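Peer 1: Construct the complete structure from the given sequences, taking the supplied hints into account.
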Amino acid sequence: MALPLRSLRFSHISWNKCLGTHVLRKEHASFGMVIQMQHYRQDFKAGQKHYNPKYRRLRAKKVIKIDLPDYQQMKADTNLSMEEMRAKMKKEGVSPPTPYQERPLLITCTGGVFEPYVPPEGDGRKSLLSTARLKDQYKTLEMKGKSALAIRKIKQYDEDFKVKDFALRAQELFITVNETLQNWTEAHWSNGNSKLDLSAKIKKVEDDLHDLVTERAFPDMTYDMKGKTIRWKWLESLEPPKVTHLRETDMISKENIYGQITVRMHSKQLLAVYDRFGRLMYGSETLPKDVVEYVVFEKHLSNQYGVWRLHGKIIPEWMPARGAILRTFVRPLLEEVTEAGEKSVDTEVVDASKPGDQKPLPAAA
Amino acid sequence: MAAAVKLCKPIFRCIGSRQVSHLNTSHSKQLLLSDSALPSHLLPAALVHTSSVVAARSPGGIPEGPVKWPRFNKVVWKPQEENEPRRPAEIFYHRSNIKYSPQKLWYIASWIRGLSIDEAIKQLTFHPKVGSRVVKEVLLEAQDLAVKEHGVEFKSNLWIAESIVGKGSYVKGLRRHARARYAQITYKYCHYKVKLQEGPPPEHYYTPPPTHWDMMEDYLKDYRHRTVQFGLKS
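Here the protein sequences come in this chain order: A and B. Residue numbering for the first sequence is -3 to 361, as defined by my numbering. Residue numbering for the second sequence is 2 to 235, as defined by my numbering.
Check before you lean on any hint, since a few could be wrong.
[Unchecked claim] Computed list of lysine-lysine pairs in BS3-like fashion (alpha-carbon distance at most 25 Å, straight line):
(1) B/Lys79 x A/Lys199
(2) A/Lys45 x B/Lys69
(3) B/Lys105 x A/Lys191
(4) A/Lys200 x A/Lys224
(5) A/Lys45 x B/Lys105
(6) A/Lys197 x B/Lys69
(7) A/Lys222 x B/Lys79
(8) B/Lys79 x A/Lys71
(9) B/Lys69 x A/Lys41
(10) A/Lys191 x B/Lys168
(11) B/Lys189 x A/Lys58
(12) A/Lys71 x B/Lys105
(13) A/Lys222 x B/Lys75
(14) A/Lys199 x B/Lys105
(15) B/Lys75 x A/Lys200
(16) A/Lys142 x A/Lys158
(17) B/Lys173 x A/Lys222
(18) B/Lys189 x A/Lys61
(19) A/Lys238 x A/Lys285
(20) B/Lys130 x A/Lys45
(21) B/Lys168 x A/Lys61
(22) B/Lys79 x A/Lys197
(23) A/Lys71 x B/Lys189
(24) B/Lys75 x A/Lys71
[Stated by the list, open to error] Footprint (simulated), chain B over chain A, 3 or more residues, beta carbon under 8 Å:
(25) 69 to 76
(26) 245 to 252
In case anyone wonders, no lab produced these hints; they're calculated from the structure. Here the structure is a predicted model, which is why all the values come from computation and not from measurement. For every residue, glycine included, the Cβ atom is placed at its ideal position computed from N, Cα and C.
Peer 2: Structure, rendered in structure tokens:
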């Protein structure tokens, strides 16, 4: 059906600028019917050439050419790797920036767990009467060797330190840490409002969290949680908390000492993780789970303001895998690295622009 | 060339030849640089310096693109109640400073509004306009991000909820005309913003035209609300 062009919604497209395969869509705002434009050759460009091609080169010289900035390239340049950046600066004759900037640093925690505790295999899963468990219990009853030395060192700095009391305090601290983490995730709620400035609220919770958790553990806890919400609950303790391991280390100078204590906790907990849009990602708010955890606490002993804070967690290899998250993934294509060091692409070549080309994971988890 | 130049009154969008005759560019050896060069708004980009105000809005020499659009990706929603319908994921993505006319890119952006992502990519692959290539790249990047960072499970389960073109900063150039006249050329840049939403595309993106039944109902509604002037109050 041929309608006059001026009555169409895109009527300001003049007839000679219409390009071949355009077909206006079925739902038209005012007419609601299929309108088809007359087809032209795809390379037909009407009204773009001068009628006399003889002087086209002179005509081209009339345009004073300028070097247009390529913003996409400039943006890509900001993401150069170290080697590429160095090569580029060398090419341009720019000297590299000064490598060091003197600044006073205060190191209040160590970078990791020193001589980590190796939990006995099957702890929390095997029965009390198995031989393996009995052997382990015998071992843990004697806290001799380095642990005893560490206790002595800690008592030098903190006279009132008692191992049994510490275990209970550590458990309370652990509960507070998780509750504060939950508050931290809740502090990011804006409920669709992108203009809300939540930085003050978040900073307040982060300050509280920094008092409970060391600087090394903070990003481990919060980085993956950004944009997610946690609902965590400590239901009950199934076994009394136990200090299994004590160590003390020094950094830079011998007087600068840090103490690390590993505590074993057997408890019943509830955990549900929600994604950015408030949809359940992992866990459940109704189904509790029995958890055996080995949590490491650290204190900067030589610092008079040092406090016992959560430093890390020991997850042994024999621990069973946690529940799967509530979504599926497409198996990623990995590049094979040959012996020569050259990378060869996986045989399954997939075009990202073609939908449905990638294979899903096999059924068995 | 300078000797043969005529003095003439500047015409709209052209500038006087005497002012131009001292201009120097890399491609035009006949002209020479001078102090009394063109007014700055007509100079080619190579001779324009950026002031501090301009530098503040173009970090690293790159003009700033959309600022509010990417902020939407940082909003966090409260966990949903069990009776609430599942909230669809929304992914806001953009590419700024595309060397393309915003007026021309608008046609491509309008074309894909309301389509599913697969359909949009298919259409753009065969769309005759040059800008469709850029928009397709942007859609593919957005789709990738949606799966990796924004919790979208199925990459095909997305549709184009919003597809907007914004004007970028223009660069001004120059061209000669006959009879010692000059004109300005604008080299246009634009920003493309897209919002992908999880789920199947809606049947009607814009409000559909009223059906005959709708028209009948509207008529009856007005018909039943007629009043009799100076009549008895019911």
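Peer 1: Would the pair B/Lys79 and A/Lys197 pass a check requiring their Cα atoms to be no farther apart than 25 Å?
Peer 2: Since the Cα atoms of B/Lys79 and A/Lys197 sit roughly 16 Å apart, the hinted pair holds (cutoff 25 Å).
Peer 1: Would you check the hint for A/Lys45 and B/Lys105, treating anything up to 25 Å between C-alpha atoms as holding?
Peer 2: The given pair, whose Cα atoms are some 19 Å apart, holds under the 25 Å limit.
Peer 1: Please count how many residues of the stretch 245 to 252 of chain A have a CB within 8 Å of a CB from chain B and say whether that reaches 3.
Peer 2: violated (count 0)
Peer 1: Check the hint pairing B/Lys105 with A/Lys191 against an upper bound of 25 Å on the C-alpha distance.
Peer 2: Roughly 31 Å separates the two Cα atoms, so the pair is violated.
Peer 1: Please work out if B/Lys75 and A/Lys200 have their alpha carbons no farther apart than 25 Å.
Peer 2: holds (19 Å)
Peer 1: Between A/Lys197 and B/Lys69, is the straight-line Cα distance small enough, at 25 Å or below?
Peer 2: holds (21 Å)
Peer 1: With the threshold set at 25 Å, check whether the alpha-carbon distance from A/Lys191 to B/Lys168 stays at or below it.
Peer 2: Answer holds: A/Lys191 to B/Lys168 is near 23 Å, not above 25 Å.
Peer 1: Run the distance test for A/Lys222 versus B/Lys79: straight-line Cα separation, threshold 25 Å.
Peer 2: Holds, because 13 Å separates the two Cα atoms, which is no more than 25 Å.
Peer 1: Within a Cα-Cα threshold of 25 Å, do B/Lys75 and A/Lys71 meet the stated pairing?
Peer 2: Since the Cα atoms of B/Lys75 and A/Lys71 sit roughly 22 Å apart, the hinted pair holds (cutoff 25 Å).
Peer 1: Straight-line Cα separation of B/Lys189 and A/Lys61 no greater than 25 Å?
Peer 2: Distance of about 15 Å is within 25 Å: holds.
Peer 1: Keeping to a limit of 25 Å between CA atoms, is the pair of A/Lys222 and B/Lys75 held or broken?
Peer 2: Satisfied, since the Cα-Cα distance of roughly 9 Å is no more than 25 Å.
Peer 1: Holds or violated: A/Lys71 and B/Lys189, Cα atoms, limit 25 Å.
Peer 2: holds (18 Å)
Of the numbered hints listed earlier, those contradicted by the structure are 2, 3, 8, 9, 14, 17 and 26.
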